[in-house]
Each structure stands twice: as C-alpha cells, then as structure tokens.
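Asker: Below, each chain spelled out in residue letters.
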Amino acid sequence: MSVERRGDPRATIDPDVSDVRAAQRDLAAFGALYRRYLDRVYGYCFYLLGDHHDAEDATERTFLAALGAIGRYRDEGASFRSWLFRIAHNQIANALRARGRHRATALNGVSEPALGGDPAGLVGQAEESRRLRRALDTLADDRRQVIILRFVDGLSAREIGVVLGRSPGAVRVLQHRALRDLAALLA
Amino acid sequence: MTTPPTLAERLDRAVDELLGGAAPGVAAATAGLAQADRSLIDAAVSVRASLASSPVAPRFEARLGSRLSGMRASPWILRHPGRLIVTGAVGSAVGVGVTAYAVWRSARRSSGPAHRLLHR
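Residue numbers (my numbering), protein chains in the order written: chain A, 1 to 187; chain B, 1001 to 1120.
Note that these hints are calculated values from the structure, not bench results.
Please note: incorrect hints may appear among the correct ones.
[Said to hold, decoys possible] Derived contacts from chain B toward chain A, CB cut-off under 10 Å, selection only: (1) L1011; (2) L1018; (3) L1019; (4) S1039; (5) I1041; (6) V1047; (7) R1048; (8) S1054; (9) L1064; (10) M1071.
[To be verified] According to the in silico footprint, chain B covers these stretches of chain A (three or more CB under 8 Å from chain B): (11) 39-45; (12) 58-68; (13) 174-184.
[To be verified] Which stretches of chain B does chain A cover? Using the computed rule of at least three CB atoms under 8 Å from a CB of chain A, they are: (14) 1004-1010; (15) 1055-1063.
Owing to the predicted nature of the structure, the values given are computational and were not obtained by experimental measurement.
Backbone N, C-alpha and C define an ideal beta-carbon position, used for all residues, glycine too.
Working from the sequences, and respecting the hints, build out all of it.
Answerer: See the structure below:
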C-alpha cells in the first residue's frame, strides 16, 4: 500500500520505486515486480472477466506490455502499481470488447475462496459469500471495479483514480454508493 | 479553515483501517462514522471476507515467467548498440571474405585446363 506523506495527502511514496529503477537498468530485475503483483493483477482480471482462461490471457498481456514499457515509466504522481493496473484495466476493456458483451459468467459462479473453521460455519460463510457476489453482480460497472480494486487488490482511492481515470474524490463517492447499495441488498 | 470530511471520505478512512486489520468497531470509531452508518462498515466487512484473491495456477505462473524471461533476452542487444555494430561488421567481413575466396577458387579451377590447352 502506498504511504501518504504527512501534510500532503496527494503526494505518495511509491514502495516499488527501487524495484522499478532496478528493472529500468536491468530487465532481469522485473522478476521481483512480477512476483509481487501476479496474484493481484490476476485477481483483478478474474473478478472482472469471470473466467480463468480470459483472466490468464489478460494477465499475460498486462505483464508483457508492462515489461515492454517499463523503460518509459516515469513516476509523475502515479505509483507503479496504479500504472500496472491501468494497463490491466485496458487489457480487460479489450477482452470485453473482443467478447462483445460483459462478463462471461456472473461472479456468483466464481469458485469459493478457501475457508477455515467448523463445517456449519463453512456452509454459512459460503452462503454469505454467494449472496455478496450476487449483490456485487448487480452493481454498475464502475462501482464494481472500485470495490474489486479496493478490497481484492488493496489500492487506495488515489491509485484507483489513476486506473479508472477519475479523481480520488469521485472514487470515494463510487465506493460509498457501492457499499450503500450492497448494504441494502444484503439487509 | 478546513471543511469537515464528507461521509465518503470518512468511509474511505474506515475502509483503510479495515484493510489494515482493524476491527469494524475500531475502524468506524477512528474514521468518525456514526452508528447510523454502521451498515456501510458491515457491508465492507462482508466484501472483505467474500472476495478473497484468486490463486494463480502454478503452470500459468511458470509459463508467463519463462515468456517474460525470453522477452528480456531479446532487447539485450538493443541496450548495447556498440555490440550490434561490431557483430554486424564482423558478420559482413566474414561473408565478403568467404564469397571472395569462393570466386577466386572457382575462377582458378575453370581457367586451369584452358590455360594448359593454350600453351600446349
């Protein structure tokens, strides 16, 4: 997670900056960034595309594009990971355009995350998870994207703004509306 | 004079706290959310619990890793243009040399018998 500088909430310290500089000097160092973000980029693609194969394809295109462009990346207020997720966002948009429609499968068809605990608790959690995904599926695209980038990928409102081309304030409003809608649907 | 944070801003702060591992009550209190807004925090807790990151297949991870390694190898020569020039120059010189030698050899073979016939 980016660390906000005290006194200037707009400025952030990018935790990836040293790895990015190393990768710009020697592409072999890109491996550290790949290992760090593979799961999160894949998760973003998977939750928005709803299909493992499409998610793998979009993830692959994202990292190949990022490696090809890493030399041109400049830290101009946007963190590396917001730049990377912006690439992923564009790849997802391309995949959806190529598909000619929105997600292949609804999120409620997505496999359940591994849960621990007693069997009765597991059943309850699985049902809660299905309800949440059905509710998430009814949200507008931009609200759903904000929720996934925030809760699955851990991006800040500012970083999500870079990914989606919105202001941080607009992202916070989208998040508020999404959670308000989810609260009403889950009540 | 600073304006008080909006509900969207306070909720974002509470989500930050939640994602950082704080308990829902602590996150709501730290962000200054009212009891009436507690349903928003409950929804955030549900989202966090339900949307686990999906694990990447090891085979895919290995395949993409090797593709990225292969891609790293190709721009290597472009990052050292001097090596590209030297490699090209040496390759050209060897090619010219081999061609000249082949021409010289074939000319010598074909002119050999005719030369002998003329001086017989």
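Asker: Now, for every hint given, state plainly whether the structure supports it.
Answerer: To see whether the hints hold, each was checked on the structure:
1. L1011: holds (5 Å)
2. L1018: holds (9 Å)
3. L1019: B:L1019 check passes; min Cβ-Cβ to chain A is 6 Å, inside 10 Å.
4. S1039: holds (4 Å)
5. I1041: holds (8 Å)
6. V1047: Check passed: Cβ of B:V1047 comes within 5 Å of chain A, closer than 10 Å.
7. R1048: With Cβ-Cβ at 5 Å, under 10 Å, it holds.
8. S1054: The hint holds - B:S1054 has a Cβ within 10 Å of chain A, the shortest such distance being about 5 Å.
9. L1064: B:L1064 check passes; min Cβ-Cβ to chain A is 5 Å, inside 10 Å.
10. M1071: holds (6 Å)
11. 39-45: holds (count 4)
12. 58-68: holds (count 6)
13. 174-184: Holds, because 6 residues of the region 174-184 of chain A bring their Cβ atoms closer than 8 Å to Cβ atoms of chain B.
14. 1004-1010: holds (count 4)
15. 1055-1063: holds (count 5)
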